[in-house]
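Chains as they are written, first to last, in my numbering: chain G, 1 to 390; chain E, 1 to 105.
If you are wondering where the hints come from, they were derived from the structure by calculation, not from laboratory data. Hints are not guaranteed to be accurate.
[Said to hold, decoys possible] Beta-carbon label-pair distances, calculated as ranges:
| hint | chain 1 | residue 1 | chain 2 | residue 2 | range |
| --- | --- | --- | --- | --- | --- |
| 1 | G | G228 | E | Q26 | 49 to 55 angstroms |
| 2 | G | D203 | E | Q59 | 47 to 53 angstroms |
| 3 | G | D203 | E | Q26 | 49 to 55 angstroms |
| 4 | G | Q57 | E | N101 | 21 to 27 angstroms |
| 5 | E | N72 | G | R370 | 37 to 43 angstroms |
| 6 | E | P51 | G | G147 | 15 to 21 angstroms |
| 7 | E | R74 | G | K230 | 28 to 34 angstroms |
| 8 | G | A56 | E | R25 | 29 to 35 angstroms |
[To be verified] Here are the simulated DSS-like cross-link-like pairs (lysine-lysine), alpha carbons at most 25 angstroms apart as the crow flies:
| hint | chain 1 | residue 1 | chain 2 | residue 2 |
| --- | --- | --- | --- | --- |
| 9 | E | K61 | E | K102 |
| 10 | E | K102 | G | K330 |
| 11 | G | K242 | G | K193 |
| 12 | G | K283 | G | K247 |
| 13 | E | K24 | G | K333 |
| 14 | G | K333 | G | K247 |
| 15 | G | K283 | G | K230 |
| 16 | G | K242 | G | K190 |
| 17 | G | K283 | G | K242 |
| 18 | E | K61 | G | K333 |
| 19 | G | K242 | G | K230 |
| 20 | G | K330 | E | K61 |
From the three backbone atoms N, C-alpha and C, an ideal C-beta is built for every residue, glycine too.
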Amino acid sequence: MKFPFFVAILATLGHMPSSAAAELRGTGDLGVIVERAAGRVQIVDTSQRTRIGEVAQLGDLSHATVVFSRDERYAYLFGRDGALTKIDLLTASIAKRLEQAHNSVGGAISQDGRLIATSNYTPGGVKVFSAGTLDLVADIQAAYGEGQTSKVVGLVDAPGHRFVFSLFDAGEIWVAELKIGQAPVVQKFKAGKEPYDALMSPDGRYYIAGLFGEEGLAVLDLWNLNAGVKRVLPDFAKGDDKLPVFKMPHLEGRALVGDYWFLPAVGHHELWVVDRRSWQIVKRIALAGQPVFVIARPDDRQIWINYALPDNDRLDIIDTRDLAVVKTLKPGKAVLHMEFTPKGEDIWVSVRDDDTVVVYDTETFEERARLRADKPSGIFFTARAHRLGL
Amino acid sequence: MSKGSWVAWLPIAVACAAEDPSPKRQQELANLLQQDCGSCHGLRFKGGLGPPLLPEHLQGKPDILLVETILNGRTGTAMPPWRGLVTESEAAWMVERLRSNKTEP
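Using the sequences provided together with the hints, build the complete structure.
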C-alpha cells in the first residue's frame, strides 16, 4: 500500500511550481505582452523591465485582450479564435483553457472577481464563466430583430454585479445583472447605428459607446437607466467629410481627466474634449491621423495617442494643462498599443513590425528599455485588476 | 529596346498582367495583408469585424470585384478604400494570395 502513496508524492512534486524553490515574489508589478502571430504571451516585470517567462500554444491572438484575477495571480486571455485561457503568472503556465466561441473580441471580469464574461462575434453574444474553474454559468445570446444575432463589442464590468456591452449590428446597449445561481437579468437600450466599442468611467457610472454608422457617441448613465441613452454630437462644419478608417478607435478606460473626457473621433482626424457635466463637445483637437488609442497618464497630466495606417509609426503626447501636442515620438513601424505602469512613470509601447516593445520615461521621453517581442500587440499590467471597467 | 518604345508598352503590360511587386514590396504587402487586413478579417482570415476571406468565401467572386473592394472600400460598411496605400496591381497580387490561402508573410 506504500506504492500509490509514493506515486502521489512524486506526482505532487512534479506539479510544484519551479518558483517554489526560488524566492517568493509578488505579482503587482507584472504584466503580459501578447505576441499576436506566434500565439504566445510574454510575462514581464515592470520594475526590472525584463521578460520573466512566456506561455505558448495559445492559438490566434490577433485581437487578444487580458483581464486579471482579483489577487493579480492569473491573467485571463481572450483569443480571437474564441479560446479563453487562464494563465498562472507565477508559474508561466496554463491553468485552464477552453474554446468558448468561434470568433471573439474581448472579455471582462466581474466586480467581485468571481465571473469572467466574453464578448463574442460568432455566435453573437456574451458567455459568462466561473473565474475559478471556467465552468459556464450563463449564455446571453445577442438576439434582435427577426431571429438575428449581433456581434458584441465594448464589454465592461460594472458595479452591482453587472456587465455592460454593445451590440454592433443591432445598435443597442445591454446591461446584464449576474448573480451566481440566478438567471441573468438583462435590460436593453437603443443606442445608435453600429456601436463599435465602449469604455466605462472610472467610477463605473457612465458607459460611453462610439458609433460607427452615424456621428457621435452614445452614453448610458447607470445611475439613471430610466433616462435611456444620451447622444453626444459635435456641430459639424460644412464639408466636414468622413475620412477613411483603416482601424477603429479602441475605447479603453483612462480617458477622463478632471471634468473632461478625451475621446477619439472616428472618420475624423481629431480628439473630442467632452465636458462630463453637460456632455457637450467643448473642443476638437486636430490630430495627425485617425486616433486608435487615447490614454491618459495615471496623474492625468498627459494624454498619449497612437494612430491607424498610414500614420501608425507615431505617438503624440498632449499636455492636458495646455491642451496642445507637446511631443511626437517615432518608436518604429506599427505602434499598436501602450500601457502605463501603475503610477505612470513609464509607458510600454508595442511596435509590431519592429518586433519590439519600447519603454519610455513619461517625464523625459527617454527610452528606458527595448524588449524583443514577436509582432507584439496588447500590453496589460496587473494593476488593471483593481479598476472598474478595465 | 530604346527607352521610348519601352515606355509605350508599359500601360498595356500593366493592363494585361498584374506585374508581381518586388520581393521587398511582396514582403510588405504580405505583412499588410496578415496584420492590417487581418485586424478586421482575422489573422488567419476567419473573419472578425469584417467577413472571412478564406478561399471558399472568395470562390465565385471575380478578381475585378475583389480588387475594386480593396481599392474603393464598401460604402456603408467598415471596409475603407486602400487606394493610395496599395496600387491596382498590388491589390490583384493580394487577391491571388488570399485565393491560394498563403497566410504567412
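Hints, verified against the model:
Taking 49 to 55 angstroms as the suggested C-beta distance range, the pair G228(G) and Q26(E) conforms, at roughly 52 angstroms. A C-beta distance of roughly 51 angstroms is found between D203(G) and Q59(E), which places it inside the suggested range of 47 to 53 angstroms. Distance hint check for D203(G) and Q26(E): the Cβ-Cβ separation is about 51 angstroms, which falls inside the suggested range of 49 to 55 angstroms. In this structure, Q57(G) and N101(E) meet the distance hint of 21 to 27 angstroms, their C-beta atoms being roughly 22 angstroms apart.
In this structure, N72(E) and R370(G) meet the distance hint of 37 to 43 angstroms, their C-beta atoms being roughly 39 angstroms apart. Checking the proposed 15 to 21 angstroms range against P51(E) and G147(G) shows it holds: the Cβ atoms sit about 20 angstroms from each other. For the hinted restraint 28 to 34 angstroms between R74(E) and K230(G), the CB-CB distance of approximately 30 angstroms keeps it satisfied. In this structure the supplied range 29 to 35 angstroms holds for A56(G) paired with R25(E), their Cβ-Cβ distance being about 32 angstroms.
A C-alpha spacing of about 18 angstroms is found between K61(E) and K102(E), which places the hinted pair at or below 25 angstroms, so the restraint holds. Only pairs whose Cα atoms come within 25 angstroms are accepted, and K102(E) paired with K330(G) is rejected, the gap being roughly 31 angstroms. Of the pairs offered as hints, the one joining K242(G) and K193(G) holds, with about 15 angstroms between alpha carbons and a cut-off of 25 angstroms not exceeded. For the suggested pair K283(G) and K247(G), the alpha carbons sit about 23 angstroms apart, so the restraint of at most 25 angstroms is met.
Between K24(E) and K333(G), the direct Cα distance comes to roughly 16 angstroms. Compliance with the 25 angstroms bound is thereby established for this hinted pair. Restraint check for K333(G) and K247(G): satisfied, since their Cα atoms lie roughly 15 angstroms apart, inside the 25 angstroms limit. For a cut-off of 25 angstroms, the pair hint linking K283(G) to K230(G) stands: about 19 angstroms separates their Cα positions. Restraint check for K242(G) and K190(G): satisfied, since their Cα atoms lie roughly 24 angstroms apart, inside the 25 angstroms limit.
Distance check on the hinted pair: K283(G) and K242(G) sit about 18 angstroms apart at the alpha-carbon level, within 25 angstroms; holds. Annotation: proposed proximity of K61(E) to K333(G) is violated, straight-line Cα distance about 33 angstroms (limit 25 angstroms). The straight-line distance between the Cα atoms of K242(G) and K230(G) is roughly 22 angstroms, inside the 25 angstroms bound, and the hint therefore holds. A hinted pair counts as satisfied when its Cα atoms are at most 25 angstroms apart, and K330(G) with K61(E) does not qualify at roughly 40 angstroms.
Hint check: violations occur at hints 10, 18, 20; the rest are consistent with the structure.
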